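Participant: Assemble the complex: chain A is given as a structure, and chain W must be docked to it using the hints.
Here are the chains, one letter per residue:
2 protein chains.
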Amino acid sequence: MTPTYEVCLTPALLPHFTLKEKVIVVVDIFRATSSIVAAFDAGVKHIRPAATVAEALSHKSQPNTFLAGERDGKPLIDFDFGNSPTVFLENARKLAGKALVITTTNGTKAIEAGKGGAKIVIGAFLNLAALAAHLKAQQHSVICLCAGWKNHINMEDTLFAGALGGLLDSHFHISGDAALLAKQLYAKNQEELFNLLKSASHYQRLAKFGVEDDLRYCITHIDVSQHIPKLEKGMLVVE
Amino acid sequence: MTPTYEVCLTPALLPHFTLKEKVIVVVDIFRATSSIVAAFDAGVKHIRPAATVAEALSHKSQPNTFLAGERDGKPLIDFDFGNSPTVFLENARKLAGKALVITTTNGTKAIEAGKGGAKIVIGAFLNLAALAAHLKAQQHSVICLCAGWKNHINMEDTLFAGALGGLLDSHFHISGDAALLAKQLYAKNQEELFNLLKSASHYQRLAKFGVEDDLRYCITHIDVSQHIPKLEKGMLVVE
Numbered sequence: 251m252t253p254t255y256e257v258c259l260t261p262a263l264l265p266h267f268t269l270k271e272k273v274i275v276v277v278d279i280f281r282a283t284s285s286i287v288a289a290f291d292a293g294v295k296h297i298r299p300a301a302t303v304a305e306a307l308s309h310k311s312q313p314n315t316f317l318a319g320e321r322d323g324k325p326l327i328d329f330d331f332g333n334s335p336t337v338f339l340e341n342a343r344k345l346a347g348k349a350l351v352i353t354t355t356n357g358t359k360a361i362e363a364g365k366g367g368a369k370i371v372i373g374a375f376l377n378l379a380a381l382a383a384h385l386k387a388q389q390h391s392v393i394c395l396c397a398g399w400k401n402h403i404n405m406e407d408t409l410f411a412g413a414l415g416g417l418l419d420s421h422f423h424i425s426g427d428a429a430l431l432a433k434q435l436y437a438k439n440q441e442e443l444f445n446l447l448k449s450a451s452h453y454q455r456l457a458k459f460g461v462e463d464d465l466r467y468c469i470t471h472i473d474v475s476q477h478i479p480k481l482e483k484g485m486l487v488v489e
Numbered sequence: 251m252t253p254t255y256e257v258c259l260t261p262a263l264l265p266h267f268t269l270k271e272k273v274i275v276v277v278d279i280f281r282a283t284s285s286i287v288a289a290f291d292a293g294v295k296h297i298r299p300a301a302t303v304a305e306a307l308s309h310k311s312q313p314n315t316f317l318a319g320e321r322d323g324k325p326l327i328d329f330d331f332g333n334s335p336t337v338f339l340e341n342a343r344k345l346a347g348k349a350l351v352i353t354t355t356n357g358t359k360a361i362e363a364g365k366g367g368a369k370i371v372i373g374a375f376l377n378l379a380a381l382a383a384h385l386k387a388q389q390h391s392v393i394c395l396c397a398g399w400k401n402h403i404n405m406e407d408t409l410f411a412g413a414l415g416g417l418l419d420s421h422f423h424i425s426g427d428a429a430l431l432a433k434q435l436y437a438k439n440q441e442e443l444f445n446l447l448k449s450a451s452h453y454q455r456l457a458k459f460g461v462e463d464d465l466r467y468c469i470t471h472i473d474v475s476q477h478i479p480k481l482e483k484g485m486l487v488v489e
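Residue numbers (our numbering), protein chains in the order written: chain A, 251 to 489; chain W, 251 to 489.
Hints listed in this document are in silico derivations from the structure and should not be mistaken for laboratory results. Please note that a few of the clues may not be correct.
[Unchecked claim] As a list, the in silico DSSO-like pairs of lysine-lysine whose alpha-carbon atoms are at most 30 Å apart:
1. A:K365 x W:K400
2. A:K369 x A:K400
3. A:K369 x W:K400
4. A:K448 x W:K365
5. W:K369 x A:K438
6. W:K483 x A:K400
7. A:K438 x W:K365
8. A:K369 x A:K386
9. A:K386 x W:K448
10. W:K458 x A:K270
11. A:K310 x A:K324
12. W:K369 x A:K400
13. A:K324 x A:K270
14. A:K400 x W:K365
15. W:K438 x A:K448
16. A:K438 x W:K400
[Unchecked claim] Counterexamples of contact, computed for chain A against chain W with all Cβ distances above 12 Å:
17. E256
18. L259
19. A349
20. A383
21. N401
22. H402
23. N404
24. E406
25. K438
26. S449
27. A450
28. A457
29. Q476
30. I478
31. K480
32. E482
[To be verified] Incomplete in silico selection of chain A near chain W, CB under 10 Å:
33. P265
34. L269
35. I403
36. G416
37. S420
38. H421
39. A432
40. H452
These numbers were taken from a predicted model, which means no experiment stands behind them. Ideal Cβ placement from N, Cα and C applies to all residues, glycine included.
Next up, chain A with everything else stripped away, as it sits in the complex (with noise of 0.2 Å):
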């Protein structure tokens, strides 16, 4: 049977999809997910997600670990690092097979959501073809989960959900509408993303902490990476 694509635009709608025995991609553009990517790119050993602020403070006193992270935009006291996939890939020197534990307003409590699925895998642009043909060569359906922004939906997350469902077309059958019109908007809007973008509302509540440079980033570098984040154990890992 054609395993199916199904888009969850927001963890808030979650609770209305199956996530047994399926593969649920966690995306959360601007910018956990891309940041997550981006810290493997950099060297990264291994990545714990943290629910809590609370919880990623616990992990301060442990050997080769940083603590990276944010809440809505903004960098927290007594940790390493923020959110930035261009500012971890400028430390790479630092970060290279060292621990990092992150903890996001969005992202990560999108990873936690997820948690009922066969297993969670790390979505952006940044490794979109990658995580696309490696997507293919299994055999689960996948649920692309929407990190979105508290609870309501965002469009940066919408045009990923829309881009994969594009390259994933011929392998899945696209299920429900939210999949269907995430493929639409990515496909009659590819060429004008960044434009688009710019209009969306976490870009411009984002863009008020001078991070522009990193949405930029998030946004334009499509598949430059290699790396599938995987969620086992608890701790993001790659091959």
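Facilitator: Here is chain W on its own, set in the frame of chain A:
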């Protein structure tokens, strides 16, 4: 202050919106709100939305009252009508001046969900321009509440939300990515609405019941009605 236009893509997400003092536009293109507008076009005096089949049946013995509705797209036993805009229009002579009690899978539940707002009005492609003019003429912010399909979003309601957003753009602040996304989706697909909808899940589900003419009517008869049904004391009326 410029009023806002927000879009709630399914009633399951409505708890994350602030309804107070806002006008709630309830939309269920296939077919409840299209049918409600068409019933007023057919001369119905008022319509009582009933959340359950049992509630609708409790009105059966009332004089000059017809029962209408469906569950999962199928007609209901002991009801006078299904949920068909074209059948309502064909029965204009029978329906003129009469009362209708209507219950549907998604639409009447969305009306119930929207009751936290200042006012509920009914939207469909049939009354799109009249509705937009009505909303522009008042000063309230608006939430377009898409009925969707059993807590999932659907294509046709999202496209309507986008069409309305496009018309309101000059007078309202398009607020949130759901509204932006819907507006963009409609703008990029308005020349081929029917083709896009033919691949959508709800269309395919309903087409199996032989109501394709109805579906085509709901999508292609744009602006044929001046009626803007509003909820007053539990009853839908027009001015």
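Participant: Is it correct that the beta-carbon of A383 of chain A has no partner in chain W closer than or equal to 12 Å?
Facilitator: The assertion about A383 of chain A holds, with a minimum of 25 Å to chain W.
Participant: Taken at face value, is the distance from the CA of K365 of chain W to the CA of K400 of chain A at most 30 Å?
Facilitator: 23 Å, holds
Participant: Please check whether H452 of chain A passes as an interface residue: C-beta within 10 Å of a C-beta belonging to chain W.
Facilitator: 7 Å, holds
Participant: A closest beta-carbon separation below 10 Å is what the hint needs, so does A432 of chain A meet it against chain W?
Facilitator: 9 Å, holds
Participant: When you look at the beta carbon of N401 of chain A, is every beta carbon of chain W farther off than 12 Å?
Facilitator: 4 Å, violated
Participant: Let's test the interface hint: is any C-beta of chain W closer than 10 Å to that of I403 of chain A?
Facilitator: Holds, because the Cβ-Cβ distance from I403 of chain A to chain W comes to roughly 5 Å (cut-off 10 Å).
Participant: Taking 30 Å as the top limit, are the C-alpha atoms of K369 of chain A and K400 of chain A close enough?
Facilitator: With a Cα-Cα distance of about 24 Å, the restraint between K369 of chain A and K400 of chain A holds, given a limit of 30 Å.
Participant: Need the status of pair K458 of chain W, K270 of chain A: alpha-carbon distance at most 30 Å?
Facilitator: Distance ~29 Å between K458 of chain W and K270 of chain A Cα, so the pair holds.
Participant: Taking only the CA atoms, is the gap from K310 of chain A to K324 of chain A under or equal to 30 Å?
Facilitator: 19 Å, holds
Participant: Quick one: work out the minimum CB distance from S449 of chain A to chain W and report holds if it exceeds 12 Å, violated otherwise.
Facilitator: Label violated. Min Cβ-Cβ 6 Å, cutoff 12 Å.
Participant: Restraint: G416 of chain A near chain W, CB-CB cut 10 Å. Satisfied or not?
Facilitator: 14 Å, violated
Participant: Mind verifying the non-interface call on N404 of chain A? Its CB should be farther than 12 Å from each CB in chain W.
Facilitator: 5 Å, violated
In this structure, the hints that do not hold are numbers 4, 5, 6, 7, 13, 17, 18, 21, 22, 23, 24, 25, 26, 27, 34, 36, 37 and 38, in rising order.
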